[in-house]
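Participant: Given the structure of chain A, go ahead and fit chain B onto it with the hints provided.
Chains A and B are the protein sequences, given in the same order. Per our numbering, residue 1 is the first one in the first sequence, and the count goes up by one each step. Per our numbering, residue 1 is the first one in the second sequence, and the count goes up by one each step.
None of these hints come from the bench; they were simulated from the model. There's no promise every hint is true.
In this list, chains with the same sequence are indistinguishable; a pair is considered to hold if it fits within one copy or across any two.
[Unchecked claim] Distance condition first, Cα-Cα at most 30 Å in a straight line; then the derived DSBU-like pairs of lysine-lysine:
| id | residue 1 | residue 2 |
| --- | --- | --- |
| 1 | K133 | K43 |
| 2 | K332 | K259 |
| 3 | K259 | K43 |
| 4 | K340 | K259 |
Please read all numbers here as calculations on a predicted model, not as lab measurements.
Number of protein chains: 2
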Amino acid sequence: PDDSATILSALASQDDTAVATLLESLPVEHRIKLWQDLPRDRKLDVLVEMRSDPREILIDATAETDWVALFSDIEAEDLLELMDSLPNRIVHLAYAELDAQQQRFFRAATQFDDDEVGHWLTHDLLVLPLNAKVRDGLRLIRRNVPRHCDTIFLVNRSGQFSAAVRLTQIFGSPEHVPLVELIEDNMTVLKGNDESTNASLQVQRSGYAALPVVDDSNKLLGRLDITSASELINEFYERQVMATAGMDEDEDLFSPVAKSARNRALWLGINLLTAFLASWFIGLFEATLQQVVALAVLMPVVASMGGIAGSQTLTLIVRGLALGQVSPANRKALMIKELKVGGVNGVIWAVVIGVVAYFWFTDALLGMVICLAILFNIVAAALAGVLVPVMLDKFKIDPALSGSVILTTVTDIVGFVAFLGLGTLFLL
Amino acid sequence: PDDSATILSALASQDDTAVATLLESLPVEHRIKLWQDLPRDRKLDVLVEMRSDPREILIDATAETDWVALFSDIEAEDLLELMDSLPNRIVHLAYAELDAQQQRFFRAATQFDDDEVGHWLTHDLLVLPLNAKVRDGLRLIRRNVPRHCDTIFLVNRSGQFSAAVRLTQIFGSPEHVPLVELIEDNMTVLKGNDESTNASLQVQRSGYAALPVVDDSNKLLGRLDITSASELINEFYERQVMATAGMDEDEDLFSPVAKSARNRALWLGINLLTAFLASWFIGLFEATLQQVVALAVLMPVVASMGGIAGSQTLTLIVRGLALGQVSPANRKALMIKELKVGGVNGVIWAVVIGVVAYFWFTDALLGMVICLAILFNIVAAALAGVLVPVMLDKFKIDPALSGSVILTTVTDIVGFVAFLGLGTLFLL
Chain A
1 PDDSATILSA LASQDDTAVA TLLESLPVEH RIKLWQDLPR DRKLDVLVEM RSDPREILID
61 ATAETDWVAL FSDIEAEDLL ELMDSLPNRI VHLAYAELDA QQQRFFRAAT QFDDDEVGHW
121 LTHDLLVLPL NAKVRDGLRL IRRNVPRHCD TIFLVNRSGQ FSAAVRLTQI FGSPEHVPLV
181 ELIEDNMTVL KGNDESTNAS LQVQRSGYAA LPVVDDSNKL LGRLDITSAS ELINEFYERQ
241 VMATAGMDED EDLFSPVAKS ARNRALWLGI NLLTAFLASW FIGLFEATLQ QVVALAVLMP
301 VVASMGGIAG SQTLTLIVRG LALGQVSPAN RKALMIKELK VGGVNGVIWA VVIGVVAYFW
361 FTDALLGMVI CLAILFNIVA AALAGVLVPV MLDKFKIDPA LSGSVILTTV TDIVGFVAFL
421 GLGTLFLL
Chain B
1 PDDSATILSA LASQDDTAVA TLLESLPVEH RIKLWQDLPR DRKLDVLVEM RSDPREILID
61 ATAETDWVAL FSDIEAEDLL ELMDSLPNRI VHLAYAELDA QQQRFFRAAT QFDDDEVGHW
121 LTHDLLVLPL NAKVRDGLRL IRRNVPRHCD TIFLVNRSGQ FSAAVRLTQI FGSPEHVPLV
181 ELIEDNMTVL KGNDESTNAS LQVQRSGYAA LPVVDDSNKL LGRLDITSAS ELINEFYERQ
241 VMATAGMDED EDLFSPVAKS ARNRALWLGI NLLTAFLASW FIGLFEATLQ QVVALAVLMP
301 VVASMGGIAG SQTLTLIVRG LALGQVSPAN RKALMIKELK VGGVNGVIWA VVIGVVAYFW
361 FTDALLGMVI CLAILFNIVA AALAGVLVPV MLDKFKIDPA LSGSVILTTV TDIVGFVAFL
421 GLGTLFLL
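Chain A on its own, in the form it takes in the complex (with noise of 0.2 Å):
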């Protein structure tokens, strides 16, 4: 108990997304013992900003009688954030808890899916008409600024955006000057349905604290600020982290065992069918190895030297993917300095492998089959790091998920049958 309350002492001077990040490397027992320790009213701002399913495990170990009580502060941003978390039944008591005006919000998010800029709005705006001036917007600002803004949004009498004018330039100018006078030049404007990571990377680089967002017919929706930008983003990234392991980035550090093992299984199956696929394709040389045991001994040479060779081209493609620079007009070119990059690698690296099973196993011949074998597969694997995640691009599949499996798979294969193939010609 002494303990415990040193630890809540402490976490009373840490923002939110600090005492979130603590509660996730706990393991379940101690994270329930304190989150049911913290004080009532921090409750929902850090379980907002964890992550799902860490977070799950305190929702599950919440009663259902103290939901209401939790949710007296409740935003239509919030609960956007936790309903995939939420049974439903939970969802519709939170729904309950808002206002009029945010449930209007809520249902217009949910309106947009969740790679969608318009599932993630913040709608506390300065807004003002057209024809506006001076004296209207400091009379706003005074009144109250919201987090994250720094310009007051100019919209026409439907409603539809027109223009942004900077806070600052309203503070330097007279009070009689009309708005529209002080309007910024070439601010981005998104739409609703965006792909939320590049808006997100928009309002980074805009300079601005938040872009406006309107729909199709130009009406303003609300604005996607910095924070939200930043918070989507640094998501991106760390889904593509995870991905390279086949987990998402929910994955809890302390997740039950059980769920755990069933997340990570489905991963596990597909690399043991493409294992077996080439092992399979091993069988069929089995009479080459049973002769030639050195073919066994040096397998994983040729198949893990492709491996490296074609990941670095896949994951140098995979993020060109997902920064918009690679495209079809550079693809062929791409192909072609990746393949020159795979022809030196792969004559430099064939010949020391070559030279060291010459002297291991004191046979000329079998040095000749795995430098050409070594030689075929890094080139082989150069292509497939190209044209994989290409065309999984192109069918909307993740590459930065299947992208690896398929591609070692491919080197797998094309390593094993070229140098059991090659012996199997000049060893025998």
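Facilitator: Relative to the frame of chain A, chain B by itself:
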């Protein structure tokens, strides 16, 4: 020429980052051509936004005599971003173009490493003495407010940071009110030698457009704004993604073949050593392989299941380390949980694979041998998946870079030795 004129006019409406991204996506000759056609007053800003490797191509293509014109508006921040890409004498040239104040900023920043906040400061500040009033604040704001600046910093007579006041607080208050009555509680103050990624995360979640940065004696050095913070975090993530394939985040889509081959050769070489090590272990069982060729056929299955299971644990732990969620306090609990997950998946897949092998080779003993080897390797992979990154982190080696190659070496060797060793015991 028509074509390039069209591109150039399209670029006129794009921001500097978009132009930088486009330049990076072009093959070298096209990149240099477009760069030469770019309006001179945009060149420096675009260059600053590019990644180092693709940028260096353009730097090399710029005539020595052109630099003076390019540097006519250069500021300390630009030079700090570019200096690692520029030859020393060009850095001196640029430094000479800075005014006295910018030179001072530049020297101050280079006192800090580029993984410290002090290196990435913005020096455009709103600063007032501690006894200033709202009237003084308003006068300051009306003159000029820098980008992403939502607070005025108050300093004492020795230039030490005391507190911050939100600009929006100032508009709403009568002119005679002392600013100290409006100060923000709990604003985080960064130190110049704070680690830059962590500090940037603090800026992102602070709700402010920038946080103040001080030196050891609390003297105000500058501020870290949310644009710089977001760029630093994006770079951190990109580094992690690229590190999984042994590359760095500056790798150019179209770097010259020789350079690209050299960049990747080291990683291939390290991988080759580990592959030969695995082969050497296989070589210990040559006699067994000669008699039971099915072992050679199934080897990739054992190795790859261990590799995948291990990399799942590794990826989770590496993220936990980066977020500060893995510590001596929860390491043991984490290890136990991962061993349990490994145990569950190990048993499931060991049985599946054992049954498949039994039917494939109609050999019950072989089925049992691979079943045990898989179980053993998946559990060892869980152990290594926790221990390897934790140890690397302790020795200050980046686990995102070196973790996977070490882990795969462990799972390969454990898998081969377990499988072939058990095969030797039971199948000969």
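Participant: So, for every hint listed, does it hold in this structure?
Facilitator: Here is what the structure says about each hint:
Proximity of K133 to K43 under the C-alpha cut-off of 30 Å is found in neither arrangement, the shortest distances being 42 Å within a copy and 38 Å between copies. Within a single copy, K332 and K259 get their C-alpha atoms only as close as 44 Å, which misses the 30 Å cut-off; across copies the closest is 20 Å, which meets it. For the identical chains of this complex, K259 and K43 are intra-copy neighbours only, at 25 Å inside a copy versus 53 Å across copies, given an alpha-carbon limit of 30 Å. Taking the shortest Cα distances, K340 and K259 sit within 30 Å of each other only across copies (11 Å), while inside one copy they are farther apart (45 Å).
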